[in-house]
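> In order, the protein sequences belong to chains A and B. Quick note, our numbering runs 2 ahead of the 1-based positions in the first sequence. Quick note, our numbering runs 20 ahead of the 1-based positions in the second sequence.
Bear in mind the hints are in silico, worked out from the structure with no lab data behind them. Hints may contain errors.
Straight-line distance between alpha carbons at most 30 Å, and here's what the computed DSSO-like set of lysine-lysine pairs gives [claimed, not checked]:
no., chain 1, residue 1, chain 2, residue 2
1, A, Lys149, B, Lys186
2, A, Lys80, B, Lys147
3, A, Lys149, B, Lys165
4, A, Lys284, B, Lys332
5, A, Lys80, B, Lys208
6, A, Lys157, B, Lys148
7, B, Lys212, A, Lys284
8, B, Lys165, B, Lys142
9, B, Lys97, B, Lys59
10, B, Lys186, B, Lys299
11, B, Lys212, A, Lys157
12, B, Lys148, A, Lys284
13, B, Lys148, B, Lys165
14, B, Lys332, A, Lys149
15, A, Lys149, B, Lys299
16, A, Lys80, B, Lys212
From the derived model, a few chain B residues whose C-beta atoms are all more than 12 Å from chain A [to be verified]:
no., residue
17, Met64
18, Tyr66
19, Gly77
20, Ala112
21, Glu114
22, Lys148
23, Pro168
24, Ala228
25, Ser248
26, Ala287
27, Thr321
28, Leu327
29, Glu368
30, Gly418
Going by beta-carbon spacing under 7 Å, a handful of chain A positions derived as facing chain B [claimed, not checked]:
no., residue
31, Lys131
32, His134
33, Leu135
34, Asp240
Think of the CB as a built atom: it goes at the ideal place given N, C-alpha and C, for glycine as much as any other residue.
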Amino acid sequence: MNTTNKSQLLIALAAIAVALVLPFVVPDYRIFQLTMVLIYSIALLGLNILTGYNGQISLGHGAFYAIGAYTAAIMMDKANAPYWSTLPVAGVICLVVGFLFGLPALRLSGHHLALATLALAVALPQLLKYKHLEHWTGGVQGINLLKPDAPFGLKLSQDQWLYLFTLAVVVLMFVLARNLIRSRVGRALVAIRDHPVAAEAMGVNNAMYKSLTFGVSALYTGVAGALSAIAVQFVAPDSFPLTISFFFLVGIVVGGVASIWGPIFGGFFIQFAPNMADYLSKDLTGAVYGVFLLLFAYVMPTGVVGFLRKLASKSA
Amino acid sequence: MNLHHLKRAIMALFALLALTPSAHAEKKYDPGASDTEIKIGQTMPYSGPASSYGTIGKAEAAYFKMINELGGVNGRKINLISLDDGYTPPKAVEQVRRLVEQDQVLFLWQNLGTPTNSAFHKYVNSKKIPHLFLATGATKWGDPKNFPWTMGGQPTYQAEATIYAKHLLKTKPDAKIAVLYQNDDYGKDYVKGLKDGLKDKAQSMIVAEQGYETAEPSVDSQVIKLQSSGADTFFIFAIPKFAAQTIRKTYDIGWKPVVYVNNVSSAVANVLQPAGLEKSVGLLTAQYFKDSHDPQWANSTDVKQYLDFMKKHHPDGDPKDSNNAYGFMQANLLVHVLKACGDNLTRENILKQATSLKNLELPMLLPGIKINTSADDYFIIEQLQMARFDGKEWRLFGELLDY
Chain A
3 MNTTNKSQLL IALAAIAVAL VLPFVVPDYR IFQLTMVLIY SIALLGLNIL
53 TGYNGQISLG HGAFYAIGAY TAAIMMDKAN APYWSTLPVA GVICLVVGFL
103 FGLPALRLSG HHLALATLAL AVALPQLLKY KHLEHWTGGV QGINLLKPDA
153 PFGLKLSQDQ WLYLFTLAVV VLMFVLARNL IRSRVGRALV AIRDHPVAAE
203 AMGVNNAMYK SLTFGVSALY TGVAGALSAI AVQFVAPDSF PLTISFFFLV
253 GIVVGGVASI WGPIFGGFFI QFAPNMADYL SKDLTGAVYG VFLLLFAYVM
303 PTGVVGFLRK LASKSA
Chain B
21 MNLHHLKRAI MALFALLALT PSAHAEKKYD PGASDTEIKI GQTMPYSGPA
71 SSYGTIGKAE AAYFKMINEL GGVNGRKINL ISLDDGYTPP KAVEQVRRLV
121 EQDQVLFLWQ NLGTPTNSAF HKYVNSKKIP HLFLATGATK WGDPKNFPWT
171 MGGQPTYQAE ATIYAKHLLK TKPDAKIAVL YQNDDYGKDY VKGLKDGLKD
221 KAQSMIVAEQ GYETAEPSVD SQVIKLQSSG ADTFFIFAIP KFAAQTIRKT
271 YDIGWKPVVY VNNVSSAVAN VLQPAGLEKS VGLLTAQYFK DSHDPQWANS
321 TDVKQYLDFM KKHHPDGDPK DSNNAYGFMQ ANLLVHVLKA CGDNLTRENI
371 LKQATSLKNL ELPMLLPGIK INTSADDYFI IEQLQMARFD GKEWRLFGEL
421 LDY
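Chain B on its own, in the form it takes in the complex (with noise of 0.2 Å):
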């Protein structure tokens, strides 16, 4: 034996000695996790233009803080390092890039915003770090062909749109439609979904499509041009401002189409009260969330221990804004994968549990509300029902519809 088989031989023994271990323990890491740590990122706009939903951050935060005060997950405290992009892509690269090479978190997640995350799409899937559950509804995070470690955290517009489709076609096969978008991406998303759930009756129920721009000071003469094209069923994709103005003006010049306006814009405080209680009778819409100060809900679990976890927890934030029910759920969620993780909390398991989720229910969604995701289903919520305006709340009626 030469010199250079005695190296590869003790070469091989060092090898195998170093593989036993870990060949005995079932424990597996990557970075950001050990026997007492999940480290996760996050960013979120915490200045900026959209801070109003940085409050989703502090309720999660809150969360996994009450969560490690309980003992953590699976003996493991979770520490959450969440920080501000102020709602630009620029600096979302670059604190991702942060959590990711200096802070080296296991996995980013509920990462906030479509341009945000959009910037750092890319760098993730090449990285291979799960970028789980995003606090956004543009349908491109759903592609598990080209980017594998992305995953949505809400419901699609373009889902929302295919079961208002559906619904039609059961209740009104011979509507003539008229639709009333945004013209951006986030509308766009919608008149495709409808366009997709109407299938190859699209062409002749679709009797009249207006966009508006943000920039308009009003969408009246969009209203009007649509109401002269004799429909008898409108859908509106529109942001708060701009539904409010269109169900106020609808009703103001006569016109008594079926009304579906859109999930987004469906608030009774921010849409249907500026727009007129009374105008806004019969309007349709669907839903998947639980609205924590509806009285029909005052007695469910999960509303109750919503609200005491608001009080003890996280008694800055506001109880009624929905933003911290959607933390809340989404913190929830996640503590369900991670418990599902065990001891084998590397990168692959982590995706791998997100992608496994079978009949869960959560707290603060509807009753019968489901995720199920799979290897080629990375849409973690895809069932809504409908709920009509009756003048002073919205009813939900019918059965949990899916997409």
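This is chain A alone, in the form it adopts within the complex (with noise of 0.2 Å):
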């Protein structure tokens, strides 16, 4: 293990650790947005691989968040099933959705994907209120969960326990996806993205490797979007506007594309941006929020990681 590596493993342990803590120190209505910014994070790791790491816009990843809710939802609600194991289900679900929306889609690249894609942010939110989906969906009233309380009799409270839960989960995914990265795959996702022509004349079946990215990329917004139903306790198709597809897009990009550490920054941005411009005026959230963005591509223009990479080789 070299010293990059090392130190890096040292700075995520650090981070799991304060992670583990804040629980027990900030009140419960904290939690839950802790909870809301780990569950973003785990979305805008989705929406990275593909787009910081592959190259590929995609303007439609509400999609496959709401997706995941709801499939979660639905679990719990009409099949009684315990909230964990709706996670592989949401994940799988997506994967397979994306994988067949990305097959043809792929065909199409640049700014005719990023298209396609919006249109199935578009189309979502009114199937779920389709009238032979409604007895499933719940129709624009939606569906009210239960929140799940901490097993083996944990004195934890129910914020609390989810809260780690998701903390776990998290861990895995950013695991998993750091190793994907660092694979062979991971190779030939970046070369498919620097230089496509290239790519192919090394071997790399481009096509297929941007639908299967397309799928793994889903299945994390989805595996999200099922975290984010047990939270909230409430889908409805007005969960899931077209512009949470956006703030996928704005949080990858603030947090610094292309890096594993970026999403985590990008869900704090999320979570809280809108809260600091509610703050600052009730009549120009929207202008506030903009020049949020405008002061993030000014400043750090490769995203909080990107500033601290650079803080960081200046001090050393």
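Put the complex together from the two separate chains, hints included.
As structure tokens, then:
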């Protein structure tokens, strides 16, 4: 293990240690907010694999987030499935949907792919209200869920338990993503992004890899969606407006494109930037949010992670 | 007496001492209330797709600022904490938890939107936090058995349709009815109200029903189908865009039924003008609210008060926007409830006062509308008045109708 790897591991362990202490020192509603940060970071990680490492732009990841959330909600509401069992199912469903969507859509590239994914995000909230699906989706009224209690008689509040559960999922998903990125597959993804023709010449099956990446990316976002349904205890078509897809894209850019750590910072931004905008002005929430974005674009053009790297290299 | 008994005796003495002062004073507080302040929480769509409603929260904040400048309610200032939920359920849950758990508000009030309120409906009821006068017309907010802490704040869509049914039974008992409705909870609430109101005659009177999806570009084909059913009475339960299309199409194909259009889609500016004013003559609807710019109310005190309030205390808001008048009316209602609570500002008493309103009249409501609530009646406005469009404005007629 070389020194960068070692220091990365140390940072990761320190971050996990802090994350483990947090739920015991902040009030329940803050824990809920932090849980949402973790959930967003999983979704952002998924999008980052697609956009950051593979260079494909998706404006439709809100749709996978919604599919994951509804999978969890329907399983818990209609089949009384335990909450944890919904995550792998949501992930697999999104993987399949993402892969199938990817096959034809990825023949399109660049702007055209972005438009195709946008169509997905536009269509989904209306499909959820469709009368033949209403029996399952609850139509516009949505589905109310119960929050899980801590298992094994642990003396934890529901919020503390769900936070720790989510944290465990985050660690697992991040480790898997890191290993994927550093593997042969990961190098192929980056090669496709940087020089598709050269990648093809080296024997990489571009179309297959791109479709698979789309599927894996959707899987991550779907798992995040399932967790969000459990944490919020409610899903409805209005929970998944088009803006969610844009927020995800904003999140990875703010955090740092093509970075494993970026999604964590992006998660904080998605969660807290609207609250700060509301705090600063009720008349101009949108404009204040826009100013935040511009500030980030100018001050940290490579995202929070890029900014931190620059600081570190200067001080070193 | 052993040590154990002594301990008990001392504890009992302390307990007695602790109780004595409160037995004398009449002031009672739950979190969020004190000698100087009443803290209230609210979520509003200041951003997102429904942000045009955000002005309601601003008008209400401005009203309380005015009340506070005049000395507050029973000497206490009203502190309204109004947070943005972007009209999304997840954000609404987060903000409501902040209001309840961190800001420790005494109660929630005027939270806007059906999906947003649905998301924390169970949460506030399990915490026993009053969740009052919600800014949404769904019927589910009046369910005291299952959700005793939640109360709606405006006439329900079902109630409105029941009133149309009563009017029709009185004026045209042998009508053949066609119904166009939006195919979601909003539209279905109206259809249910209509059928409830027609009772056992619903089966024979309604000859055709057509739903539409908001995604459809036009409802022309539905209107033509409904015409071919031979109906002579037509109910339109739609949002403004589709109501305008329907009114125009009905006229253009030469169909001349008696047309009822729901209150939400009865505004002259955004429905009847696009449909064509001459094509809208004779339309029927039900109203409960005064239009502040309708000449017939120009001299009424409450409208003048409202316009004066807007000028002095909420100059950024548009007085023509009925959302501001709605906020003005709701803030009035809340001040009334808080006054009635006196010095007993517990959550239980807030709910008790909100559910014991007797013949209360509020500014901006149509003359004669009285608010009555009780422990098993959570609907605050249960009267509407029929109105007919004369080609220029809505003319109220007949008496106030209850449901």
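> Among all the numbered hints in the text so far, which are the ones the structure does not match?
1, 7, 11, 14, 15, 17, 18, 19, 20, 21, 32, 33
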